[in-house]
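Chains A and B are the protein sequences, given in the same order. For the first sequence, this note's numbering gives the first residue as 413, with consecutive numbering after it. For the second sequence, this note's numbering gives the first residue as 5, with consecutive numbering after it.
In case anyone wonders, no lab produced these hints; they're calculated from the structure. Each residue gets a CB set at the ideal place from its N, CA and C atoms; glycine is no exception. Heads up, none of these hints are tricks.
Here's a subset of chain B near chain A, in silico, CB distances under 8 Å, partners left out:
{"no.": "1", "residue": "His65"}
{"no.": "2", "residue": "Leu68"}
{"no.": "3", "residue": "Thr77"}
{"no.": "4", "residue": "Ile99"}
{"no.": "5", "residue": "Val102"}
{"no.": "6", "residue": "Thr109"}
{"no.": "7", "residue": "Phe159"}
{"no.": "8", "residue": "Ser326"}
{"no.": "9", "residue": "Leu330"}
{"no.": "10", "residue": "Phe334"}
Here is what each chain is made of, one letter per residue.
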Amino acid sequence: MTNLLAARAQMAVSLAFHIVFAVAGIGMPLLMVVAERRWRTTGDPVHLELAKRWAKGTAILFAVGAVSGTVLSFELGLLWPRFMEVAGPVIGMPFSLEGFAFFTEAIFLGIYLYGWERISARAHLLAGLAVAASGAASGVFVVIANAWMNAPAGFRLVDGRPIEVDPLAAMLNPAAFSQVLHMTIAAYAATGFAVAGIHAAMLLRDRASAFHRRALGVALVVAVPAALLQPISGDISARFVARWQPAKLAAMEAQFATEAGAPLRVGGWPDAAHRRTRFALEIPRGLSLLAFHDSRATVAGLEAFAEDEWPAVRVVHPAFQVMVGIGTYLALAALWVVWTAARRRDLAASRGLLRTLVIGGPLGFVAVEAGWVVTEVGRQPWLIYGVLRTSEAVTPMPGLVVTFSAFTLLYCFLGAVVGWLLYRLVISTRRGAPAAGPSGVEAR
Amino acid sequence: MTITLADLAAAVIMAALTAYALFGGADFGGGVWDLLASGPRRDAQRALIAEAIQPIWEANHVWLILVIVLLFTCFPSAFAALAVTLHIPLALMLIGIVLRGSAFTFRAYAGAGEATDRRWGRTFAIASLVTPLLLGVCVGAIAAGRVGVRVGGGFLARFVAPWLTPFAVAVGCFALALFAFLAAVYLTLEAKDGALREDFRRRALGGAAAVFVTAAGVLLLAHGAAPRVRAGLTTAPWALALHAATGIAAVTAIVALWTRRFGAARIAAAAQVALILAGWALAQYPYLMPPQYAIGASAAPQRTLALVLGALAAGTILLAPSLIYLFRIFKAHGPTAGAGQRDA
Ligand code: HDD
Ligand code: HEM
Ligand code: HEM
Numbered sequence: 413m414t415n416l417l418a419a420r421a422q423m424a425v426s427l428a429f430h431i432v433f434a435v436a437g438i439g440m441p442l443l444m445v446v447a448e449r450r451w452r453t454t455g456d457p458v459h460l461e462l463a464k465r466w467a468k469g470t471a472i473l474f475a476v477g478a479v480s481g482t483v484l485s486f487e488l489g490l491l492w493p494r495f496m497e498v499a500g501p502v503i504g505m506p507f508s509l510e511g512f513a514f515f516t517e518a519i520f521l522g523i524y525l526y527g528w529e530r531i532s533a534r535a536h537l538l539a540g541l542a543v544a545a546s547g548a549a550s551g552v553f554v555v556i557a558n559a560w561m562n563a564p565a566g567f568r569l570v571d572g573r574p575i576e577v578d579p580l581a582a583m584l585n586p587a588a589f590s591q592v593l594h595m596t597i598a599a600y601a602a603t604g605f606a607v608a609g610i611h612a613a614m615l616l617r618d619r620a621s622a623f624h625r626r627a628l629g630v631a632l633v634v635a636v637p638a639a640l641l642q643p644i645s646g647d648i649s650a651r652f653v654a655r656w657q658p659a660k661l662a663a664m665e666a667q668f669a670t671e672a673g674a675p676l677r678v679g680g681w682p683d684a685a686h687r688r689t690r691f692a693l694e695i696p697r698g699l700s701l702l703a704f705h706d707s708r709a710t711v712a713g714l715e716a717f718a719e720d721e722w723p724a725v726r727v728v729h730p731a732f733q734v735m736v737g738i739g740t741y742l743a744l745a746a747l748w749v750v751w752t753a754a755r756r757r758d759l760a761a762s763r764g765l766l767r768t769l770v771i772g773g774p775l776g777f778v779a780v781e782a783g784w785v786v787t788e789v790g791r792q793p794w795l796i797y798g799v800l801r802t803s804e805a806v807t808p809m810p811g812l813v814v815t816f817s818a819f820t821l822l823y824c825f826l827g828a829v830v831g832w833l834l835y836r837l838v839i840s841t842r843r844g845a846p847a848a849g850p851s852g853v854e855a856r
Numbered sequence: 005m006t007i008t009l010a011d012l013a014a015a016v017i018m019a020a021l022t023a024y025a026l027f028g029g030a031d032f033g034g035g036v037w038d039l040l041a042s043g044p045r046r047d048a049q050r051a052l053i054a055e056a057i058q059p060i061w062e063a064n065h066v067w068l069i070l071v072i073v074l075l076f077t078c079f080p081s082a083f084a085a086l087a088v089t090l091h092i093p094l095a096l097m098l099i100g101i102v103l104r105g106s107a108f109t110f111r112a113y114a115g116a117g118e119a120t121d122r123r124w125g126r127t128f129a130i131a132s133l134v135t136p137l138l139l140g141v142c143v144g145a146i147a148a149g150r151v152g153v154r155v156g157g158g159f160l161a162r163f164v165a166p167w168l169t170p171f172a173v174a175v176g177c178f179a180l181a182l183f184a185f186l187a188a189v190y191l192t193l194e195a196k197d198g199a200l201r202e203d204f205r206r207r208a209l210g211g212a213a214a215v216f217v218t219a220a221g222v223l224l225l226a227h228g229a230a231p232r233v234r235a236g237l238t239t240a241p242w243a244l245a246l247h248a249a250t251g252i253a254a255v256t257a258i259v260a261l262w263t264r265r266f267g268a269a270r271i272a273a274a275a276q277v278a279l280i281l282a283g284w285a286l287a288q289y290p291y292l293m294p295p296q297y298a299i300g301a302s303a304a305p306q307r308t309l310a311l312v313l314g315a316l317a318a319g320t321i322l323l324a325p326s327l328i329y330l331f332r333i334f335k336a337h338g339p340t341a342g343a344g345q346r347d348a
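Construct the complete structure from the given sequences, taking the supplied hints into account.
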């Protein structure tokens, strides 16, 4: 494994790990706030219980999110010092703002988790809202920074140094809007469906449980609108990529030839050596239509670019297919929910719907990971698109395979522990036993 | 002498680092006392530490993140050099940070029986010991002027020798002693029970002794290893005043502990730590990291500095009331304030 590959792999593992907790950190506070608010308006104690149980899970997720995020802030420098030299003054601004969002989030999460008895009910709900808002804000800021890597703006690089630096222009880069919109919705969709999936599974075993019915209801309030909006937002993202990163679009769609009226490929196995894609189901003119909203538009294929500027087609194309497939599945599931609710039918009465939701549970997170693979691997070989190559930015420190292995093992271990703890939390709910609180204090 | 935006940015970074030492550092110190918990009230000591840290450690931890992001935004080349030379201790420190935070949380929420709890507890405690040590080693390497200096030679010369020095290790021990001292002082105020308070009073006095010994070691080694900092600390015009102030704070802390005036001890101990860090920063001025990275020369463009400082000012106005609110809720030590309530 070369040093560059180890660095990329370590970055990928760290981010793929962090994003799970980040997404939960954006979505879970909203679920808790919705549940707590329902308790306040209806007086139904089950909703209060729900908010408290979810808060426990969130506390675990948040702690791991905080430490893995810290690792990332350092890793930007530890792995890519040259990148930070260029990017720091230009795009450091949103990271600094993110720092404030973290502060707000950590402060009010502390108050939310440990302040049930110490502040008024109203102040408590407001604290929850502050957590939800600042969680979303941290996501927005860091995605703006990432968008800048896709569509660099606000500086010129002369002799390896950034000049004419304008951090505000950098933050308002052309990719920012579409990426922020898509990621934020993704966070709500993924969390909402994951929670809905868990409680749907519990309902399949015990249809009468009031706890799980309420939980499913709250989760779907967040999940369904997000899943319905996501394909629309994805279309905006795709059209952005088509205009600004044509090589990435070609890799996403496994499009080798430059052609007018290009087809949309479903599935298929890109064969870079022969410059064609086999076994794909092709929808005539579909790609031109979707990417440019014009069925005769010309789509640049990979052959239009030097081969050393091709992203890894065999990674990007399947990852994109996975995301879009899941997006379609979740949107259809959401429609089913809407259809059932509109007819005033009981959501928990349909085994089919519950099963569909159980399958949807992990899929939102899978789509998030796949989407990031599309964005990041599709940007290669560039770290800052068109400005700085990944290979130019890597640290001179040798033997990165050691740190890569160490962090991978650490994250596997932490992931397993978190999974186990959450599983216990859910199981204890099913048995109706009180879940363990901090230091074993029982839930009230 | 005029104060430039770059100076201001460096001062803000130093202030954030000081806040991290005073708050986050004390949380690590708490972990050290968890490791060293002993005597008949061992479990009560651990419970008190956990209760004190639980609601606030994540907020306290953000100070470190602020230091890092401000460093790479305002002094990008210095950050890059730091990340290259100190790759190994920083990576190890990160592992410490990850294990500390997650083990602490897992112990609090696992409720999986004594044995598992104890294992998480030990992980938390050991990580709390190692992380400040490594942080101090990094600071030591910077003070000694070993970061970003082109050296010939192989892997060891470039990536190990700059930080694996007696001086840097001494600074590591010093940082550890300071954090443990701070934590014990703070914990005297957290304790509701007289005997427990005495436990931490004794520990605070022991911590003060450790601070004294390690500080002497650092100064001794600085002679050869960090001449610039040492010169600053001994000959600069402000040096005497600073030493006097630090000395007064240290003595006040000990006297207050001795006479059981714990509120005063907390203020004096915090002042002592803040003054020590200020002394280091002043001794290095005008360098961020001697001898290559002067504050002015390594700073980001003016526009970046102005925007970031403006954002910091605005953010502080929003943030300060929230932070005060947090500490008011959990650290207001009235006679009845929330004795032992910990419900999630
Ligand atoms: C719940 C998760 C989820 C779902 C259901 C979808 N996506 Fe997505 N997608 C993401 C989660 C995501 C993401 C992980 O959040 C990404 C990675 C970077 C980003 O900003 O969003 C992303 C990136 C991303 C990009 C690349 C943007 C770039 O490189 O700048 C495109 C073109 C799409 N998406 C398009 C779609 C379409 C057409 C979908 C149709 C249904 C879709 N996504 C569903
Ligand atoms: C959290 C969700 C994210 C995931 C899962 C993710 C995933 C990845 C992956 C798979 C790579 C390796 C790409 C390759 O080398 O082929 C990578 C690289 C990288 N990512 Fe991301 N990414 C995420 C978000 C971000 C954000 C928000 C930033 C910065 C603000 C960022 C900065 C980088 C950098 C600097 C690299 C290394 C250089 C490069 O390979 O281009 N990533 N990431
Ligand atoms: C290079 C990329 C990234 C860096 C350097 C980074 C950095 C960090 C840091 C330092 C924290 C800890 C804050 C604390 O102590 O409270 C954190 C947490 C968080 N990050 Fe990231 N992050 C990155 C990618 C992302 C992405 C892509 C998202 C989401 C879209 C995201 C969203 C969050 C959220 C919501 C939190 C709050 C903590 C939680 O709820 O788990 N981050 N991040």
